[in-house]
Amino acid sequence: MDLAPLALVVPLLAAAALAAVASHVRRAVADVVTVLAAAASTVLCALLLADAGSGTVVEWFGGWEPRDGVAIGISFAVDEIGAALAVFVAVLATAAAIFSSRYLEADEPYLHVLLLVFLAGMLGFCLAGDVFTMFVFFELMSVAAFALAGYKIDQSEAIEGSLNFAITNTIGSFLLLSGIALTYGRTGALNLAQIGEALATQPADGLVVVAFALIASGFLVKAAIVPFHFWLADAYAVALTPACLLFGGAMSELGLYGVGRTYFAAFSAAFESHQAELRAVLIGVGALTAVVGAVMCVQQDHLKRMLAFATVAYMGVFLIGMGTLSAEGVAGTAVYVLGDGCAKAGLFACVGIVQHRCRGISELRLRGRGRDLAGTAALFALGGLLLASLPPFGTFLGKSMLGAALRAEGYGWAIAVIVLASVLTGAAVLRAAGRVFGGWGARPEHPPATEEEGAEREVERGAAARTPAVMWVPAVLLIAGGVAAGVWPGLADAALGAAEAFTDRAGYSAAVLEGAAVAPPPAHASSPPWFDYLIGVGSAACALGVAALALFAPRPRSRAAAELGAVVSRCGAGLRALHSGRIGDYVAWLLAGFTALGGLFGLALT
Amino acid sequence: MSRRARFVLFAISAVGAAGLLAWAFAGLPEFGDYQGRYGRIVAASAVPDRSATEAVAVTVFDYRALDTLGEEFILFVSVFGVLALLRIHRGERERGRAVGEGRRGPGPSESLRLAGRLLVAPVLLLGIYIVSHGHLTPGGGFQGGVVLGTAMFLLFLSAGYLAFKRVRPVSVVEAVEAGGAAGFALIGVGGLLLGAVFLENFISPGKSGLLTGGTIPLSNAAVGLEVAGALIMILSEFLDQRLLVRERSR
Amino acid sequence: MTALAYGVAAWLLVVGIAGVVTSRNLIHLVVCMSVVQASTYVLLLGIGYRSGAKAPVFADIPTGTRVVDPVVQALTLTDVVVEATVIALLLAIAVQAHKRFGTLDPDRLGAIRG
Numbered sequence: 001m002d003l004a005p006l007a008l009v010v011p012l013l014a015a016a017a018l019a020a021v022a023s024h025v026r027r028a029v030a031d032v033v034t035v036l037a038a039a040a041s042t043v044l045c046a047l048l049l050a051d052a053g054s055g056t057v058v059e060w061f062g063g064w065e066p067r068d069g070v071a072i073g074i075s076f077a078v079d080e081i082g083a084a085l086a087v088f089v090a091v092l093a094t095a096a097a098i099f100s101s102r103y104l105e106a107d108e109p110y111l112h113v114l115l116l117v118f119l120a121g122m123l124g125f126c127l128a129g130d131v132f133t134m135f136v137f138f139e140l141m142s143v144a145a146f147a148l149a150g151y152k153i154d155q156s157e158a159i160e161g162s163l164n165f166a167i168t169n170t171i172g173s174f175l176l177l178s179g180i181a182l183t184y185g186r187t188g189a190l191n192l193a194q195i196g197e198a199l200a201t202q203p204a205d206g207l208v209v210v211a212f213a214l215i216a217s218g219f220l221v222k223a224a225i226v227p228f229h230f231w232l233a234d235a236y237a238v239a240l241t242p243a244c245l246l247f248g249g250a251m252s253e254l255g256l257y258g259v260g261r262t263y264f265a266a267f268s269a270a271f272e273s274h275q276a277e278l279r280a281v282l283i284g285v286g287a288l289t290a291v292v293g294a295v296m297c298v299q300q301d302h303l304k305r306m307l308a309f310a311t312v313a314y315m316g317v318f319l320i321g322m323g324t325l326s327a328e329g330v331a332g333t334a335v336y337v338l339g340d341g342c343a344k345a346g347l348f349a350c351v352g353i354v355q356h357r358c359r360g361i362s363e364l365r366l367r368g369r370g371r372d373l374a375g376t377a378a379l380f381a382l383g384g385l386l387l388a389s390l391p392p393f394g395t396f397l398g399k400s401m402l403g404a405a406l407r408a409e410g411y412g413w414a415i416a417v418i419v420l421a422s423v424l425t426g427a428a429v430l431r432a433a434g435r436v437f438g439g440w441g442a443r444p445e446h447p448p449a450t451e452e453e454g455a456e457r458e459v460e461r462g463a464a465a466r467t468p469a470v471m472w473v474p475a476v477l478l479i480a481g482g483v484a485a486g487v488w489p490g491l492a493d494a495a496l497g498a499a500e501a502f503t504d505r506a507g508y509s510a511a512v513l514e515g516a517a518v519a520p521p522p523a524h525a526s527s528p529p530w531f532d533y534l535i536g537v538g539s540a541a542c543a544l545g546v547a548a549l550a551l552f553a554p555r556p557r558s559r560a561a562a563e564l565g566a567v568v569s570r571c572g573a574g575l576r577a578l579h580s581g582r583i584g585d586y587v588a589w590l591l592a593g594f595t596a597l598g599g600l601f602g603l604a605l606t
Numbered sequence: 607m608s609r610r611a612r613f614v615l616f617a618i619s620a621v622g623a624a625g626l627l628a629w630a631f632a633g634l635p636e637f638g639d640y641q642g643r644y645g646r647i648v649a650a651s652a653v654p655d656r657s658a659t660e661a662v663a664v665t666v667f668d669y670r671a672l673d674t675l676g677e678e679f680i681l682f683v684s685v686f687g688v689l690a691l692l693r694i695h696r697g698e699r700e701r702g703r704a705v706g707e708g709r710r711g712p713g714p715s716e717s718l719r720l721a722g723r724l725l726v727a728p729v730l731l732l733g734i735y736i737v738s739h740g741h742l743t744p745g746g747g748f749q750g751g752v753v754l755g756t757a758m759f760l761l762f763l764s765a766g767y768l769a770f771k772r773v774r775p776v777s778v779v780e781a782v783e784a785g786g787a788a789g790f791a792l793i794g795v796g797g798l799l800l801g802a803v804f805l806e807n808f809i810s811p812g813k814s815g816l817l818t819g820g821t822i823p824l825s826n827a828a829v830g831l832e833v834a835g836a837l838i839m840i841l842s843e844f845l846d847q848r849l850l851v852r853e854r855s856r
Numbered sequence: 857m858t859a860l861a862y863g864v865a866a867w868l869l870v871v872g873i874a875g876v877v878t879s880r881n882l883i884h885l886v887v888c889m890s891v892v893q894a895s896t897y898v899l900l901l902g903i904g905y906r907s908g909a910k911a912p913v914f915a916d917i918p919t920g921t922r923v924v925d926p927v928v929q930a931l932t933l934t935d936v937v938v939e940a941t942v943i944a945l946l947l948a949i950a951v952q953a954h955k956r957f958g959t960l961d962p963d964r965l966g967a968i969r970g
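Protein chains in written order, with our numbering: chain A, 1 to 606; chain B, 607 to 856; chain C, 857 to 970.
Simulated from the structure, these hints should not be mistaken for laboratory data. This one's a predicted model, so the numbers in the text were calculated from it and none came from an experiment. One thing to keep in mind: the hints can contain errors.
[Unchecked claim] Only pairs whose alpha carbons sit at most 25 Å apart, straight line, appear in this in silico SDA-like list of lysine to any residue:
(1) Lys910/C - Val621/B
(2) Lys955/C - Cys571/A
(3) Lys955/C - Phe844/B
(4) Lys955/C - Arg848/B
(5) Lys955/C - Leu730/B
(6) Lys910/C - Arg848/B
(7) Lys771/B - Leu730/B
(8) Lys910/C - Thr858/C
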C-alpha cells in the first residue's frame with residue numbers, strides 16, 4: 001500500500017486547495033480543513049509505522065527501480081525510527097492546528113497554508129531515502145518556518161528574529177548542498193544506500209571527511225548545536241505559539257535526525273576504523289551545547305526565550321546520545337526526544353495560554369498575575385519536573401537508557417553533564433512557575449520591557465476570562481504524552497529494535513537496493529537500574545531546590561559568597577553578551593563552527 | 607562583539623575553511639573527466655524510455671520528479687510567506703489610504719510605453735513556446751514560467767501600476783498559482799491511481815514530436831503556470847508595499 | 857584547470873560569507889547571500905562537466921553521444937529555484953525591517969539582546 005506518498009501529498013493538496021479558494025472560504029472552514037489534513041497525515045504515518053515494523057518500507061517514485069545496483073529514481077526508505085518521527089511530527093502538527101483555531105484575526109488563511117506545508121516538509125524529510133530529496137524537503141520546512149517565525153510583523157523582535165533565523169539557516173543549507181555536491185562527485189550517487197555502498201569500498205580521505213563536515217554543519221545549524229545555535233532563541237521567542245509547538249517539539253530534532261541518517265546510512269562504513277575518535281568529538285560538542293544552553297536558560301526573563309535555550313540544552317543532550325554511535329544510545333535518544341518533545345511543546349502551549357490570559361511574556365513582569373490559572377500552573381510545574389527527568393516519566397526513561405549506553409562506551413562523565421542540563425532547565429521552568437502562578441520571589445526593581453508587553457492580544461475571539469478549550473486541551477494531552485512515554489509498555493524494547501535497524505548500514509542498503517527487507521529481530525532493553533531512579537529523584541529535588549533558591553534566596557551575608565555570586569553573574573553576563581542579536585556575529589560564529597568541526601573531524605578521522 | 611573582533615574571528619575561520627575546502631577538492635575527479643554512472647545511465651535512457659530529447663527535463667520531471675514536487679511547493683510557500691510578511695496589518699490599514707488610489711505619479715516615457723506594448727505579446731508567445739517545448743529543447747516549465755511572468759512585468763513598466771493591477775485580479779492569480787502547484791501533485795496522484803506508483807509517468811511516451819514524453823509536457827505546463835503566477839504575485843506584493851510607503855510618507 | 861574551476865567555488869563561498877559578516881545594509885547582505893548560492897552552482901556544474909562533450913539535448917545529436925552529466929544540471933535547476941525563493945522571502949523581511957526600525961543597518965536593528 002502506498003501510504004508514504006499519500007502522507008506527504010494530503011497536506012500539500014490541502015494547502016494548495018486552501019490557497020486557491022483563499023478569499024472565498026470562511027475562517028472556520030479553513031480551520032477544519034487544516035486539522036483534518038494534519039489528522040489524516042497522522043493516521044497515515046501511524047499505518048506506515050505499523051508497516052515498517054516488518055522491515056524497512058521502500059517506495060520507488062515513478063516506478064524507477066534500481067538498474068544494475070544504480071538507483072536512478074528517488075526512494076522513500078521508511079524504517080521504524082523515520083516512521084515514528086513522522087508520526088510524532090504529525091501529532092504535534094495536529095495539536096498546533098487545533099491550537100491555532102482561535103488564533104489571530106486572519107482574513108486570509110496564510111497561517112493554515114504555512115502550517116500544512118511545514119508539516120509536509122517535515123514528513124518528506126523523515127521519510128526520504130535520497131540525500132538531495134532530504135535537502136529539498138529540508139528547505140521546504142525551513143522556508144515555511146521562516147515565514148511562521150516572522151508572522152507577527154507588527155513586532156520588531158519578530159522581524160529581527162526571523163531575519164536571523166533565515167540568514168543563518170540558509171547559509172547552513174548552502175554548506176549542506178556543497179557537501180552533497182562533493183559526495184556526488186566522489187560516488188556518483190544521490191541515494192543514501194548507494195552512497196553507503198560506494199564509500200564502503202575505500203577508506204575515508206579528505207573529500208569524504210570534509211563532505212561529512214559540510215553536511216553535518218548544515219544539519220547542525222538547524223539542530224542548534226553550539227556555535228550554530230545563536231539564531232534559535234531569537235526565532236523561537238517571537239514565533240506564533242502553534243509554530244513554537246512544532247519548532248520546540250520537532251524541528252530541531254529533525255536536524256539531528258538528518259545527521260544520524262546520513263551518518264549511519266552513508267558514511268558509517270567509511271569511518272568505521274575511527275569510530276572512537278568521532279564519538280569523542282560528537283560527545284564533546286554535545287556536552288558543550290548542553291552546558292551553554294542550560295546556563296543561558298536559567299538567566300532568561302522572557303518565558304519563550306527560556307524555553308528556547310532549554311531546547312538548545314536538550315539538543316546538546318541528544319547529540320551526546322546520537323554521538324555514542326551505538327544502537328543503545330540512539331534508542332535512548334529516541335525515547336528522550338519523545339518525552340522531551342511532548343514536554344517542550346506542552347510548555348510552549350502553556351506559555352501561549354499565559355500570554356493570552358495575562359498579556360505578558362516577561363517572567364518578572366508577570367509575577368503573580370497567573371494566580372487564577374490553577375490548571376495551567378499544574379501543567380507548567382509538571383512540565384518542569386518532566387524536564388528535570390523525574391521518574392517514571394518519559395524523560396527519565398530516555399535519560400536512563402542514554403546513561404547505560406554512555407557507561408558502556410566509557411563516557412560516564414557525560415551523564416553528569418546531562419544531569420546538570422536537566423537540573424538547570426527544570427529549575428528555570430519551576431522558578432518561572434513559582435513566580436508567575438504563585439507570586440513568589442522578590443519584587444522586581446526595573447524589569448526590562450519588550451514590545452510584546454504592549455502588543456495587542458493575539459487571540460481575538462473569546463473573552464480573556466477563560467482559557468479556550470482549543471488551547472488547554474492540546475497542552476494537557478502533550479504533557480500527558482510526555483508523562484505516559486515513561487510507563488508505556490514495550491516502548492523501550494521497541495525503541496531498541498528500531499535503533500538497531502537505524503544503525504545497521506548493510507541491512508538498510510540491502511532493503512533499499514535489493515528489496516530484501518527483513519523484520520528487525522525483537523530486542524529487549526534492560527529496565528533502569530536502581531541508581532538511575534536515585535539520580536532521577538535527586539535531579540528533580542535539585543531542580544526544586546535551585547528554583548527555590550532563585551525565588552527566595554536572601555542577600556549573601558559573607559564577602560566570599562558575594563564575590564562568588566559576582567563572578568558567576570559576570571560569566572553569565574559575558575555569555576549573554578555573545579548572544580548579541582547581530583546577524584554578522586552569528587554568521588561569523590557559523591563559519592568558525594564549520595571550520596572547527598571540519599578540523600576536529602580531520603584530526604579524528606584520518 | 608565589536609566589529610573588529612567579529613572580523614578577526616571571520617578571517618581566521620575563513621582561512622581554515624578555505625584550507626578544508628582545498629583538501630576536499632583535491633579528492634575530486636579531474637575537471638572535465640567526470641565518470642559518474644548515474645548521469646550516463648540517464649543520458650542513455652532518456653530517449654528510449656520517454657521519447658523526450660531533453661535529458662535534463664526527463665530527469666527533473668520523471669526520474670527525480672519528487673524533488674521537483676518539493677521545489678514547486680517551496681516556491682508556493684515562499685509566495686505565501688511573502689504575502690504573510692508583507693500583508694497590510696491592522697495598524698497600517700487604519701493609518702494608510704487604500705493602496706493605489708489617490709494621486710498617480712508621472713507616467714512612463716513615450717518610448718518605454720511603446721516598447722512595452724510592442725514586446726508584451728512576443729514575450730508571452732516566447733514563454734509559451736519555452737514551456738511547451740521543454741521536453742524537446744532546452745527550457746521547460748521553470749524557465750518559461752519566468753518569461754511569462756516577465757511579460758506581465760513589462761505590462762507594469764509600460765502601462766503603469768493601475769493597468770497592471772487591473773489585469774491581474776489577485777484571487778485569479780492566486781488560484782492559478784495554487785492550481786499549478788496542485789496540478790503537479792495531482793499528476794503524481796494520477797500515477798498512483800492509474801499505475802499503482804506515485805508520480806509514475808502513466809501516459810505512453812509516443813514516438814516523436816510535441817506530444818511525446820508522457821506526462822512531462824503536462825508537468826511542464828503545471829509548473830509554468832505556477833512559476834508565472836508566483837512571480838506575478840511576489841512582484842505585486844513588493845509593488846503594493848512601495849505604494850504604501852509612498853502614501854504614508856506624503 | 858581543476859584548481860581554477862573548484863577554486864572559484866571556494867572563493868565565492870568565502871567572499872560571500874565575508875560580505876554577510878561585514879555588511880552594513882540588509883539589501884547588500886541579501887545580495888551577498890546570492891553570491892554564496894552561486895558558489896554551489898559553480899561547484900555542482902563543475903563536478904559534472906566533461907571536456908569536449910555536448911549538452912544533454914538529443915534533438916539533433918544521436919543518443920549515445922558523449923554529453924555532460926544531466927543529473928547535476930537537474931540539481932542546479934532545483935537549487936536555483938529554491939534559493940531564489942529564499943531570497944524573495946529575505947527581501948520581504950528586509951522591507952518590513954526598514955519599516956519597523958527605520959534603518960537597513962543590520963548592526964543597528966537592536967531589538968534583541970542576550
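Now for the hints, and whether the structure bears them out:
Between the alpha carbons of Lys910/C and Val621/B the distance comes to roughly 37 Å, so the proposed pair goes past 25 Å and is violated. For the hint pairing Lys955/C with Cys571/A, the CA-to-CA distance comes to about 36 Å; that exceeds 25 Å, so the pair is violated. As the CA atoms of Lys955/C and Phe844/B are separated by approximately 13 Å, the hinted pair is consistent with the 25 Å bound. At roughly 11 Å between alpha-carbon atoms, Lys955/C and Arg848/B fall within 25 Å of each other, so this suggested pair holds.
Only pairs whose Cα atoms come within 25 Å are accepted, and Lys955/C paired with Leu730/B is rejected, the gap being roughly 35 Å. Taken as a hint, the Lys910/C and Arg848/B pair is broken in the structure, with Cα atoms around 45 Å apart against an allowance of 25 Å. Note on Lys771/B and Leu730/B: the hinted pairing holds, with a Cα-Cα distance of about 18 Å set against a maximum of 25 Å. Restraint check: the Cα-Cα separation between Lys910/C and Thr858/C comes to about 19 Å, which is no more than 25 Å; the hinted pair holds.
Consistency note: the structure conflicts with the earlier hints numbered 1, 2, 5 and 6.
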